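Input sequences plus hints: build the corresponding full structure.
Per the working numbering, the very first residue in the sequence shown carries number 128; after that it's consecutive.
None of these hints come from the bench; they were simulated from the model.
Hints may contain errors.
[Claimed, not checked] With beta-carbon atoms standing in for the labels, derived distance ranges:
hint: 1; residue 1: Ala157; residue 2: Arg217; range: 30 to 40 Å
hint: 2; residue 1: Pro142; residue 2: Asp219; range: 14 to 24 Å
hint: 3; residue 1: Glu192; residue 2: Ala157; range: 15 to 25 Å
hint: 4; residue 1: Asn175; residue 2: Asp149; range: 16 to 26 Å
[Claimed, not checked] Cut-off 35 Å, straight-line C-alpha distance, at most; resulting in silico cross-link-like pairs (DSBU-like, lysine-lysine):
hint: 5; residue 1: Lys216; residue 2: Lys150
hint: 6; residue 1: Lys137; residue 2: Lys216
hint: 7; residue 1: Lys137; residue 2: Lys150
All of these numbers come straight from a predicted model, not from anything done at the bench.
All residues carry an ideal CB built from backbone N, CA and C; glycine is no exception.
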Amino acid sequence: MHWIIYAVDKPGMLPTRTANVDKHRQYLAAHPIRTLVSGPLTDDVGTNMTGSFFLVEADSRAEVEAFSRHDPFWSLGIWESVHIHAFYKRVDDRAGAPQ
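Right, here's the structure in full:
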């Protein structure tokens with residue numbers, strides 16, 4: 128099943144986020160949940176990171192919640208809020224992507 132994780136940073140956390148991005152990436156690479164798409168949320172000009180977005184595959188909401196809670200960005204207090212939603216893919220226009 129697909130899940131969306133939408134995490135919003137607390138104000139003023141950009142320096143902490145930047146200093147810990149390698150820990151965050153290492154966590155993502157080592158975790159068994161499959162991340163299909165991820166990256167930072169930004170302001171409208173794309174210059175300041177304001178949160179995180181993930182599209183993941185997991186069997187249950189509980190798995191996704193645990194995945195989020197153990198992310199260094201959560202444990203370091205960077206994220207102010209984390210929203211998790213089940214997602215049903217109807218269209219994927221990437222070359223070679225299964226429909």
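Hint check:
Range check, Ala157 to Arg217: about 31 Å between beta-carbon atoms, so the 30 to 40 Å window is met. Between Pro142 and Asp219 the C-beta distance comes to about 36 Å, which lies outside the given range of 14 to 24 Å. For the pair Glu192 and Ala157, the supplied restraint of 15 to 25 Å holds, since their beta-carbon distance comes to about 18 Å. A hinted range of 16 to 26 Å for the beta carbons of Asn175 and Asp149 is consistent with their spacing of about 19 Å.
With a C-alpha separation of about 30 Å, the suggested pair Lys216 and Lys150 falls inside the 35 Å cut-off, and the hint holds. Taking the CA atoms of Lys137 and Lys216, the gap is about 30 Å. The hint holds against a cut of 35 Å. Simply put, Lys137 and Lys150 have alpha-carbon atoms about 18 Å apart, close enough for the 35 Å limit, and the pair holds.
Going through the hint list in order, the structure does not satisfy hint 2, though it satisfies all others.
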